[in-house]
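**Q** Protein chains in written order, with the numbering used here: chain B, 1133 to 1405; chain H, 18 to 315.
Hint data in this document are derived by calculation from the structure and do not stem from the laboratory. Because the structure is a prediction, the values reported are computed rather than measured.
Under the rule of at most 27 Å between Cα atoms (straight-line distance), these lysine-lysine pairs were calculated in the BS3-like manner:
id, chain 1, residue 1, chain 2, residue 2
1, B, K1333, H, K149
2, H, K149, B, K1272
3, H, K223, H, K198
4, H, K302, H, K175
5, H, K103, H, K132
6, H, K99, H, K132
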Amino acid sequence: MSGLALTLRDPPRQRLDLSPLTPDRLAGLDEAAIAAIELISGNQRLRVGDLFAIAIGDPADLSIRNACDKLDFIGRAMTDGTITVEGDAGAYVGLGLRGGRIHVRGGVGPWAGAEMHRGVIEIDGDAGDFTAGAVPGETKGMRGGLVIVRGNAGHRAGDRMRRGILVIEGSVGSHAGSRMIAGTVAVLGAAVGPYPGFGMKRGSLILSSAPERPSPTFADCGAHDLGFLKLLPQAVGDRSSRLAELWAMPPRVRRFAGDLAAGGMGEILIRRI
Amino acid sequence: MIINGVAIEDTFAEAFGMKATRLVITADTAEWAWNAGNSMTGFATSVIACGCEASIERRLLPEETPDGRPGVSVMIFSMSTKDLQKQVGDRVGQCVLTAAGSACFSGMDGGDPLKLGALLRYFGDGFQIAKKFGDRRYWRIPVMDGEFVCEHTVGTAKGIGGGNFLILAASRAAALAATEKAVTAIRTVPNVILPFPGGMVRSGSKIGAKYKGLIASTNNAYCPTLKGQTETALPPEVESVLEVVIDGLTAEDIAAAMRAGITAACELGAANGVLRITAGNYGGKLGKFLFHLRELMA
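Using the sequences and the accompanying hints, generate a full structural model.
**A** The structure is reproduced here in structure tokens:
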């Protein structure tokens, strides 16, 4: 049985909250029931059937086609199954994800993977600000799982991250890993914005290149071969060929401990400096 | 039953249930992984006085280890999960943590988990770092040559200890040659270890002794120098006996190891002084697992 496909007829005028459309919530529903689901768009409630052409199939393998950057909250708190987004997605992709896999073939807005607990999010394009971060008012960002951004990521990627792995294959904006509590952020691109690791308490920020402007509150601990880095590609699997390629090389990095203004138990590891 | 002139006695080996675990130790070179594994499995021949029975199971290629370095697989057997925990903590702490460039990973999932990095992390004195990659949690403990990477826990499984067979030969040289051949063959069998030095034991024991408080003493029935002095189990032509003791994860593993070892010893045959194969037991009343030699070799 092929998967359930929802094809967006026209881009919505206002932002559209797709929270109800997750494999676990759609399980057992027929076409009429799915078409009747109400979605919030601005101050209106719109029905799925009015917005999407529905090709019924297995909801555990859900495709959202002809997607655009106004589709928010894709895969919010989903527990199982797969969502494939053909096109771009809006903000909060996989917010509070509990399991399963979301694959966005385009780019995404801010807060992708924010506060997720488990599961995998793959983003083929660029990601906005606060990827794997915490939404305002929350004390913890990503709490587990894996996020891979194959393009670039915006500012403050991994903000307040608590656990899990964020891999950004491209470049990253300013303050990557800001206020990190724990977890691992790897940036494989050539450009790293200013002040990575700002206010980080613990966790590892692994950079392929030296940042544009390093924070003065990190202490240089010298260059080392850190064997644990060889364990990272295993957790990521074959989802990031760039990471596997990079980590086939000896795991030599320069270690900076910090942020000394926030306890100093975190670290920035830079491969080329 | 006679194989290549070697008589297979109609008897059985008697083995006991144990708890087992497996560790993967890696290092910069195969030699240093071996050094760490060899050190941590030292003084681990018998639970009677060592607290556990342990040995290197086999060498591991870089592509077989979690961190892509050469390694060894080590198996440890003890009488309870509690005993195993004590031995694993002490031995990894004293012999692997201390070995240059080493790292230590779980080689077994499931069962009651044993603390590994969960114990050793405190050596980091607050500078240790936890890393959770996927479902696995590791500890990075700063040490003088860099970092000791150690998995948080290791799994356990039910195991079997005390699988055995004895090689009776016409000379000490013949017994040693046959037993070495048997040990080499058994070391290709997965999921088993040979905890005694070089994989064999010369001081087979019986239960009890004439001296009070001694729970085991020499098995005089199998001592060739006592043939005329005590009730012996040895025919006149036997001049030397060596025993192979096998611990394994399942009865099938031990049976496979015994079969491989006996077959290898018998290949030398009577022409090379290998005369009989027998096994040690307690009449079948103490051990849960019985391995009948003739059934194994049929």
